[in-house]
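Asks: Residue numbers (my numbering), protein chains in the order written: chain L, 1 to 285; chain P, 1 to 251; chain B, 1 to 266.
Hints in this document: simulated from the structure, not taken from any laboratory.
Treat the hints with care, as some may be off.
[What the hints assert, rightly or not] For lysine-lysine, the following BS3-like pairs were computed, each having C-alpha atoms within a straight-line distance of at most 27 Å: (1) 184/B <-> 199/L; (2) 46/B <-> 129/B; (3) 199/L <-> 120/B; (4) 184/B <-> 197/B; (5) 51/P <-> 61/P; (6) 120/B <-> 184/B.
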Amino acid sequence: MAESQSPEGSGSPPPSLPPATGQDVPGGTDPGATRGFWGNWFWRLVSMAVVFGAWEIGGRIPISIAFPTFSDTLFALGSMIADGSMGKAYLSTLQPLVIGVVISALLGVGLGVCMGLWRGVEWFGAPVFIVMQAAPMAALIPLVTFVYGIGLTAKVLAVCLLALPVIVLNSYKAVRNSNPSLIQMCRSFQGSRLQEIVKVIVPDASPVIFAGLRLGIAAGFIGVVLAELLITPTGIGDLITYHRAVAEYAEMYATIFSIIVFSAVTVGFLETVEVRFFRPERKGR
Amino acid sequence: MKLFGRRIPMMFSLVFWCVVWEIVGRTQDILLVPPFTHVLVACEELLRTPKFLDAVVITLKAFGAGMALAIAIGIPLGVLMGRVEAANRLLGMWVNVFVSAPLTALVPILMILFGLGQATIIVTVFLFAVWIIVLDTYAGVRHVSPSLLEMGRSFGATRWQLYTRLLVWAALPEILAGVRLGLIRGVKGMVIGQLLVAIVGLGELFELYSRNFLMEEFWALTILLFGFALGLAELIGLVERRVEFYAGTRS
Amino acid sequence: MAAGPSPPTEAASARADIVRVQGISKVYEGGIQALDGIDLAFPEGKLTSLLGPSGCGKTTLLKIIAGLLEASAGDVFVHGSKVSTPGPERAFVFQDFALIPWSTVLRNVAFGLELRGVGKNERNDVARKYIAEVGLSGFEDRYPHELSGGMRQRVGLARALAVNADVLLMDEPFSAVDEQTRRKFQEDLIALLDNEKKTVIFVTHSIEEAVYVSNQVVLLSRRPGRVARVIRTDIRSVGTPDEIRRDKRYLDTVEEIWQMLRQYLT
């Protein structure tokens, strides 16, 4: 893994931390990284034409009665946006997603940074989150429903369950592996521990912390969709479940298509933000 | 963490948390948190119930099939993308989208296309696992130093030899990392698939236990599942560290 | 200086020797002994090189003097008083430059002053002065990754000069710099030091570099590092850099040190 993985690779790794878990940083191996995620429009259009063309043909054969063509799906998407049902669904889906992600971000970055800075906190906290990151946390969602019922709280918790571990672990690793040479430099100029943290460690860790937030948001999307399908159908989950029940497959596919595009655009946008604002020296690289 | 001047491995803090769990379970009368020892007993009982064993067999079959597919397709695809620029440009975008997409949303489609059974679970495992394998394989192949391939060519290696004797081995650390992450994601996909389908394997049991408030069994199942996921990841991690041993000299 | 805990005789000698180390030993965790009973004195205003086979602990010794590492035994005296932590009278130049990648050259050079709470305008003025002195005027707003290795180390040097410390500790400052740049840098460094009147402790693995830039060369033995010999060189009085490099005394000294060091290489 290239550039963004280097903090993991360089500094001395935490001694008893098994490298076997949770270095889930797909952003680090981004095949598009060399020319920018949304770069090279021509190839993207060709690529989309091929995939959507195949979809259209598959729908026209048809592969299955439950496999609408791409054009039907796109048409359904248009009409759902026009009649406002899509907008309403997104408003209600975004609620638990945003609340859950904000809670996870605040809590996760705080916890992760503390774990990276103090060995005691690390000892108590890191293994728990390593387990959480490697384990299928989705299994706990039925339990969440059991405790918190079927309301907003349960959905927020579902988002947190999936988003929190990756945010915590990325922040923790970023801080733990911050450049030892820079820390020594700061000490050699009699920087205090506070100055060391504020002026060197946290800025040095911020790109990896932000990458963790991006991964957390991607996990949050999985969590919120799962919650809406599993707990009670609301928002996007409701649209999917309803159109499936009445066999309006084009509308069902359109909803699923839209949430995947929406999450891809969100994550892609965050990646752009990451490069542009977090590391001014990397601009235009 | 040091205690009495001796270093205690970090993973031991899990023991501490289990003790906390036990104390909370015993002192607090919360239905949700049965004492940890009771959960362990339930674990042991569970391991002897035929219903659980059946579910495990079904689940492992689906998981194995899905992972085998993901590895068999993911690695060649990653190598292709790493070596052929056109393939990379055509597929790169989709791999990037799907590696972080909410694939959960696709499960309802799979359910109507493949029915409420094993096939859906297999495809779900495959979809969750394959993208990260492709991505890491791609990164590994891109990482291989060109001079290594030039060396191969200068000694008269055929194209096939170049790929099977040099390229794949040189990229092995990244490929293994991809497979490990793929396994972790595959387990998550399997659980999500089974929860949504709700009538196969462990998903059925989870449904059953949480619906009937059988918390000890529920936690036992969760612990076994978590243990399986961790054990699997640790196993690949072990292989990975051995490979990194020789790969460590690579620049 | 008299405030130091050391007896008056030592305080007197400290006037000439700004840094002294006494009986420094260092045993790393795991039992590897890097240094064994090092006694050295570094005269004020002079450049002393620490030279030795790789792994002899020269960098360890330098970092102990800097207060970045703790010695297992022995003491470091600066201006006659004992030190064990970094202090304002010492400044470090790092082998890997240790520049802050997200900060401009200006902010990097001003970083030491920033940590001391010097106001922004004041510290930027000081930084600009030293950026000019190391020959980097016009690069104030560049980021480290836009600079070559040699230029990055000039930033590192300017940062160390900006805090106005008496002692510069340089850890193989030119090892990551290509050969041609290094020669120019060595010449510039010497010229700069003549102006600044600094005491320099300089770690290097290059014999030529040590003889060329130093007033005295300390030879360390193979691990565990001990002081094998101290050689006064003072080659700089010979004349221009080109004359020095062809001077017989320079070549003889290089050869003499090489003969001593080669015994460690088998």
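Asks: It remains to establish, for every hint, whether it holds in the given structure.
Replies: Consistency of the hints with the structure:
| no. | hint | result |
| --- | --- | --- |
| 1 | 184/B <-> 199/L | violated, 33 Å |
| 2 | 46/B <-> 129/B | holds, 23 Å |
| 3 | 199/L <-> 120/B | holds, 15 Å |
| 4 | 184/B <-> 197/B | holds, 20 Å |
| 5 | 51/P <-> 61/P | holds, 16 Å |
| 6 | 120/B <-> 184/B | violated, 32 Å |
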